[in-house]
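Each chain, letter by letter, is given below.
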Amino acid sequence: MKLSSTYGDSVKDQVTQWIGFRGLYALFFFTPQLALTIHWITYTAVPLSAATFYATLIPILVAFMLAALLPGKSGITPKTLGIFGVWALLAYSLYDWARVPMNLIFGVPFWDHWFDWGASLTGSTGTIFTYQNLTAGMMQHILQGWGFSLSYYLLVRRVTFFNAIVFASFMTVFYWVVFPVWVLTDALPPFIWWFQAWMAHVAFAAGLWLAPKIFAKLYYRRARSTETGPLKEGETSNGPLKEEETSNYQRRWKTTIFGVLAVQAFTLMIGFIIFGAVVGSQPPSTYPVFGYGKPPPVVIDGVSSYYWAIPAVVIGVVFTYLAQRSRQVVPVSGLKEQR
Amino acid sequence: MLLPLVAGVVILILIYIGPFIFVYARTATWTFPTIDVRDAGAFDKIEPSVSQVVNLEKVESVGEAQEATYSLESGVLHRKFLDWIGFPLVLEVNDFNFKATGIYQGNIIFHCRHFETAFPKPTGSEPWYIYQPLVDRDDNSTVNVSCHSDVGSINPASFTSPITLDWSMSANFVGDRNERELSWSDSQSIELRDVRSGNQESVEEAAAEGL
Numbered sequence: 000m001k002l003s004s005t006y007g008d009s010v011k012d013q014v015t016q017w018i019g020f021r022g023l024y025a026l027f028f029f030t031p032q033l034a035l036t037i038h039w040i041t042y043t044a045v046p047l048s049a050a051t052f053y054a055t056l057i058p059i060l061v062a063f064m065l066a067a068l069l070p071g072k073s074g075i076t077p078k079t080l081g082i083f084g085v086w087a088l089l090a091y092s093l094y095d096w097a098r099v100p101m102n103l104i105f106g107v108p109f110w111d112h113w114f115d116w117g118a119s120l121t122g123s124t125g126t127i128f129t130y131q132n133l134t135a136g137m138m139q140h141i142l143q144g145w146g147f148s149l150s151y152y153l154l155v156r157r158v159t160f161f162n163a164i165v166f167a168s169f170m171t172v173f174y175w176v177v178f179p180v181w182v183l184t185d186a187l188p189p190f191i192w193w194f195q196a197w198m199a200h201v202a203f204a205a206g207l208w209l210a211p212k213i214f215a216k217l218y219y220r221r222a223r224s225t226e227t228g229p230l231k232e233g234e235t236s237n238g239p240l241k242e243e244e245t246s247n248y249q250r251r252w253k254t255t256i257f258g259v260l261a262v263q264a265f266t267l268m269i270g271f272i273i274f275g276a277v278v279g280s281q282p283p284s285t286y287p288v289f290g291y292g293k294p295p296p297v298v299i300d301g302v303s304s305y306y307w308a309i310p311a312v313v314i315g316v317v318f319t320y321l322a323q324r325s326r327q328v329v330p331v332s333g334l335k336e337q338r
Numbered sequence: 000m001l002l003p004l005v006a007g008v009v010i011l012i013l014i015y016i017g018p019f020i021f022v023y024a025r026t027a028t029w030t031f032p033t034i035d036v037r038d039a040g041a042f043d044k045i046e047p048s049v050s051q052v053v054n055l056e057k058v059e060s061v062g063e064a065q066e067a068t069y070s071l072e073s074g075v076l077h078r079k080f081l082d083w084i085g086f087p088l089v090l091e092v093n094d095f096n097f098k099a100t101g102i103y104q105g106n107i108i109f110h111c112r113h114f115e116t117a118f119p120k121p122t123g124s125e126p127w128y129i130y131q132p133l134v135d136r137d138d139n140s141t142v143n144v145s146c147h148s149d150v151g152s153i154n155p156a157s158f159t160s161p162i163t164l165d166w167s168m169s170a171n172f173v174g175d176r177n178e179r180e181l182s183w184s185d186s187q188s189i190e191l192r193d194v195r196s197g198n199q200e201s202v203e204e205a206a207a208e209g210l
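Residue numbers (numbering that gives the first Met the number 0), protein chains in the order written: chain B, 0 to 338; chain W, 0 to 210.
Keep in mind the hints are simulated off the structure, nothing from the lab. Any given hint could turn out to be false.
[What the hints assert, rightly or not] A few chain B residues that don't get close to chain W, going by computed Cβ distances all over 12 Å:
#	residue
1	LEU26
2	THR41
3	ALA49
4	THR76
5	PHE128
6	THR129
7	ARG156
8	ALA210
9	TYR306
10	ILE309
[To be verified] For each label pair, taking beta carbons as the anchor points, the in silico distance ranges come out as:
#	chain 1	residue 1	chain 2	residue 2	range
11	W	ASN143	B	LEU26	27 to 37 Å
12	W	LEU2	B	THR124	28 to 38 Å
13	W	VAL9	B	PHE105	40 to 50 Å
14	B	PHE190	W	SER169	38 to 48 Å
15	B	ILE40	W	SER48	36 to 46 Å
16	W	ALA39	B	TRP252	53 to 63 Å
17	W	GLY123	B	LEU26	23 to 33 Å
18	B	TYR130	W	SER48	36 to 46 Å
Every residue, glycine too, gets a C-beta built ideally from N, C-alpha and C.
For reference, chain W alone in the conformation it holds in the complex (with noise of 0.2 Å):
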């Protein structure tokens, strides 16, 4: 009499916690493991970004010296990926770290350096139709740098040849359960472009056409 009680109530218990045994399986053997791979493979595409043009801002008198301000785009491409169940997401990115130098014919005509706390996400609580269109612009991410030349002596608008940019990145990049650091450094040439007063013109086109 009291065995088939004993195995009913066994087998009631067995009813209310086995769906809750399966997620628990589940979350450690299929839900965790496909985040990692998912957030693995999305900090493995991301790339940096630097701008190939420099533009020229200002040039202005800082007593006897003359200071130039350049500015350049510079951030990270390829935020967005597909989370565990397919959904759209973009990598978090923190502490986005940006140096440069421009060189120019052997001497260092501006320095760059930009801190970024965080750059823009959706924060997932969006309407659907809103929350699409965010992670499509939040995909590439880049921030206006400013750049000042420390050598008053070299005027800006007579640069002829190519000038090299060395530049450095890093940033923390967080997915859904990981985070990673990835940094980046490489040297490029750039095109240097007067913008002062609505002047688009190269400055080295402009240089050549002075000759």
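Okay, chain B solo, but in the shape it has when bound (with noise of 0.2 Å):
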């Protein structure tokens, strides 16, 4: 009865931290994103510089000193905001390794927009391809795909490769409704645009998964101090985790694959959702746009993306039905003599 009256508790101090103080937190280091959708969904009207003073360098650090003031908690402080800093840095340097490739192989560029947010930003004149533009857009971009790493370190108690790969599948439906829709050069982008951001976002869930890892190679362990170092595995910025706290998120390697598996599968079926929509709803292209200029090779005659919605179901569907049926809640100490 009093165990299940603390794990209780612990279940409502967990809720409380997330939607007070760690959704916050993620809300406000999501906000880099949140410039540039202004700047977007009002079609420029609202220059990236206003957009990124007002809804990102101001949310950020209201942040930082909502950290100082309000510590214990969410058990976020200045410190863990560090940390989870650099590991930031790691996630958008895989994400963007991945689309290097893509850009040799198929020439597709991905630093096309960054000319345009870098003269938006600048409010420079004249010829928007200047090295001054591309280099004030990257660090646009940057500060994007750190502040989303950030949102996603502050949003989970524990960093698994499974709750990685739910978030960047939100970013690429994300990516797949904003840039079709809002921006203009990739309006019926090819079929090789829309795998090169699913790709790349999963590149950016390994960056998410692996860093915490590498920094406690790197670092942690030439001295470990419970107080001050990075976090390890089964604790949390508010200390280690009990046992009865952690064993949910101890899967083994079978579930782990199963779960990555089915949420691709739906992330695929929202993806022929809205690329029906967007291809629906745009007039046929008179333009190669990127050398292409034609529909993916998804919409075959007479068979609308939409449908191939439904295999990405049944394929999410037995994925999942699997992730459930290996998933088994053990020990801690149980888990390593069955691994």
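Need the complex rebuilt from these two chains, each delivered in its own frame; the hints are there to steer you.
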């Protein structure tokens, strides 16, 4: 009875922390993307400079002030923000690395918008194709990736590959919606563009998952201190979790794989539906944007991409079932033996 | 112990900055050269346009003389081009300057002069479905040029043979990252059309019928 009461209180605390503080902080660090979204959905009527100042800089400053003023309840302190900030550098780098071969092989550029963003940030006149604009736009891009990563680390109590994939899938869907609808140059993008968006976000998820491990190896093993060191497995910024709190997170690799595949299938389902809506809402393009100018191959004569969502759902359900079946809540000590 | 740490940090730094080094390198070796080639191609494709028909709009008395007002269409063709990623754009046209002289049997019968600060073009911020038709609309751009006679003694309605138009035009064309000043001049025969009070008849035809 006592145990269940304690566990209930723990869940309540977690929910309170998440909604009251972790969710709030995550929103604050989502704001680089918010600024860009404001710039896009107003069809650039709001300059990126103004949007970034009001919708990014001020919220992030407020987040750091709140972290200093309100420590304790959420477990988020300026120090944890600093640690997460360092971890967050890796994910967007891997995201960009994933896009490099796609440029070399298929000629799809990924820095074309950086010139636009840079021009809007700096207010430069004349041609937008300058190194100054490229640099300013690149900083904006880095800020977005970094902000997204920080939001992830703030949201999750424990970094796992599964929740990193779930977060990246949300980003992929967001990207698939916003770009074709509001960002002019990507109207009716070719299949390779949709594929690249998905692939790069999977790399982003890998970065989210790997960063704490890499930093733990590089730094933490040298002089670990539970007071000041970065988090280790089973720890949160509140301190080590009790066994009953962590048991839900101890997954077999099979469960993780099946779960990840299920999430990917459902993401694909959303992708097909969005793609069908985007292609259906746009007039046929007479211009070979990105040198392709054709609808993606998922649209076959007479077969709308909506239909392709059906097998994606079936695959998603199958993998969800398999993940559920392979999932066993076991004591942490027993898990190592099972592995 | 220190070496693996240093190596790890170096590798991490390379992972962080690698994609951005790639972007700068590709910008220098691919983006900018491609843009320059596309811009040059767009400039070469531009053609001047001067209408073959000059409309006689009105003839009015100014003191003891008569002044005739004519109009013709002039502009540039094929502004549309594809940028470095295959995205359709139109060349920006600024400071469009057009001058022309109408000559009939060795006499100057009218002068034209027109200056246009900038031709219309899509801003690039429009939604795609609005943008595409605008690009097509602005591919060929012409302006209506008003011309005036300074020889009141010649009755425009009596012209019987072709009129020669000597013209010149210039404008500043701006592509993605290059601009070029282009100018043309030529001489061509034109048809004079009397459009006063709904009359769409060619002046030469009317004069021939009168004979």
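Here is what the structure says about each hint:
1. Under the 12 Å C-beta cut-off, the non-interface status given to LEU26 of chain B relative to chain W holds; the minimum distance is some 26 Å.
2. Not every Cβ of chain W is farther than 12 Å from the Cβ of THR41 of chain B; the closest lies at roughly 9 Å, contradicting the non-interface assignment.
3. For ALA49 of chain B, the condition that its CB be more than 12 Å from all CB atoms of chain W holds, with the nearest at approximately 15 Å.
4. Distance check on THR76 of chain B: its Cβ is at least 24 Å (rounded) from any Cβ of chain W, clearing the 12 Å threshold; non-interface status holds.
5. The non-interface label for PHE128 of chain B is inconsistent with chain W: the shortest C-beta to C-beta separation is roughly 4 Å, within 12 Å.
6. Non-interface call for THR129 of chain B relative to chain W: violated, since the shortest CB-CB distance, roughly 8 Å, does not exceed 12 Å.
7. Taking the minimum C-beta to C-beta distance to chain W, about 26 Å, the non-interface status of ARG156 of chain B holds against the 12 Å cut.
8. Chain W draws ALA210 of chain B into its interface by the beta-carbon criterion, the shortest separation being 10 Å against a cut-off of 12 Å.
9. The non-interface label for TYR306 of chain B is consistent with chain W: the shortest C-beta to C-beta separation is roughly 25 Å, beyond 12 Å.
10. Every beta carbon of chain W lies more than 12 Å from that of ILE309 of chain B, the smallest distance being close to 29 Å; the non-interface claim holds.
11. For the hinted restraint 27 to 37 Å between ASN143 of chain W and LEU26 of chain B, the CB-CB distance of approximately 55 Å leaves it violated.
12. Between LEU2 of chain W and THR124 of chain B, the C-beta spacing of about 51 Å breaks the proposed range 28 to 38 Å.
13. Distance hint for VAL9 of chain W and PHE105 of chain B: a CB-CB separation of about 31 Å, inconsistent with the stated range 40 to 50 Å.
14. For the pair PHE190 of chain B and SER169 of chain W, the supplied restraint of 38 to 48 Å holds, since their beta-carbon distance comes to about 45 Å.
15. Distance hint check for ILE40 of chain B and SER48 of chain W: the Cβ-Cβ separation is about 39 Å, which falls inside the suggested range of 36 to 46 Å.
16. Checked against the hint of 53 to 63 Å, the pair ALA39 of chain W and TRP252 of chain B passes, with Cβ atoms roughly 57 Å apart.
17. GLY123 of chain W and LEU26 of chain B have their C-beta atoms about 31 Å apart, which keeps the hinted 23 to 33 Å range intact.
18. Taking 36 to 46 Å as the suggested C-beta distance range, the pair TYR130 of chain B and SER48 of chain W conforms, at roughly 37 Å.
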